[in-house]
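J.: First to last, the sequence lines map onto chains A and B. Last residue of the first sequence: 110 (my numbering), numbering continuous. Last residue of the second sequence: 115 (my numbering), numbering continuous.
These aren't lab readings, by the way, just hints derived from the structure by calculation. Check before you lean on any hint, since a few could be wrong.
[Stated by the list, open to error] Each computed BS3-like pair below joins lysine-lysine, with the alpha-carbon atoms no more than 30 Å apart:
#: 1; chain 1: A; residue 1: Lys45; chain 2: B; residue 2: Lys57
#: 2; chain 1: A; residue 1: Lys102; chain 2: B; residue 2: Lys15
#: 3; chain 1: A; residue 1: Lys79; chain 2: A; residue 2: Lys102
Since the structure is predicted, the reported quantities are computational estimates derived from the model, not experimental observations.
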Amino acid sequence: RKEVEQDPGPFNVPEGATVAFNCTYSNSASQSFFWYRQDCRKEPKLLMSVYSSGNEDGRFTAQLNRASQYISLLIRDSKLSDSATYLCVVNGGSNYKLTFGKGTLLTVNP
Amino acid sequence: GAGVSQSPSNKVTEKGKDVELRCDPISGHTALYWYRQRLGQGLEFLIYFQGNSAPDKSGLPSDRFSAERTGESVSTLTIQRTQQEDSAVYLCASSPSGGPTDTQYFGPGTRLTVL
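Just chain B, with the same shape it has in the complex:
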């Protein structure tokens, strides 16, 4: 079946502009995660959605970052007034139930470059 998809695959923007990144999880997966991977660094957790529960936003680095999810489907990550330090690959993952032993399946990522 289809895996996690993300769009756009690449995004170049100017400092100060807003960007919106999209994630389509695997159908039937209730849990959805956003991570950020800066060049040469490990993945950083950003936000977690599970069903209709309130999202865990504890990893969002600033109030310029926000994310939404419609039910158990598409999610969008929005970065307002982008800064150069926001340049990174933004990875979305989904898992069947969000349990501790769940495998998280990652999308191909969106490579964001802020000039």
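So here's chain A without its partners, still in its complex pose:
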């Protein structure tokens, strides 16, 4: 099992659609979970941290299921500007070492 595995994508959706990304991780000792966003030929930027209780930031909702070692990201009312690669990121159990999934490419079409 890969350390962090994401939906391979790509996802092509119309504006206003709801889209969900899924991610699984293999290290049960992982402590921290994040979604990063990476625009084409740009550096990754933190979208949101993921907490056990689930968290929401505007149109974005992140969920964590520790028992299933599963993380999700839901984007509602998608905008053209949401087009990017979404990276599932997991702390590997040590304090600092992050493990990145390969990312899922989202294209929102007009």
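Fit chain B to the given chain A structure using the hints.
T.: Only chain B this time, still in chain A's reference frame:
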């Protein structure tokens, strides 16, 4: 304030040459990380610096790779005798303290092409 900066932004070199990549972290950040992103792949951890502690070099792929950091400032990643498989984007990140919930802030990367 200023973000993480990296130089050069692009580097083309011939196989067998040495290259040096530079990273300037966000001022005040004690933790600094280097990652590599090959085309179509996820980010791979290379090395981590935290204050004056010994760096975690566990991600360096071979002894041709080395990195240094001066105190809590600039870091350089050196690749000796470059190979074509070293072609990738090399990303540097910094974070305030290196803790498990820290946000890592990434620089724009150096795109390395080995001919």
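J.: Against this structure, judge whether each hint is valid.
T.: Hints, one by one, checked against the model:
{"no.": "1", "hint": "A:Lys45 <-> B:Lys57", "result": "holds (24 Å)"}
{"no.": "2", "hint": "A:Lys102 <-> B:Lys15", "result": "holds (27 Å)"}
{"no.": "3", "hint": "A:Lys79 <-> A:Lys102", "result": "holds (23 Å)"}
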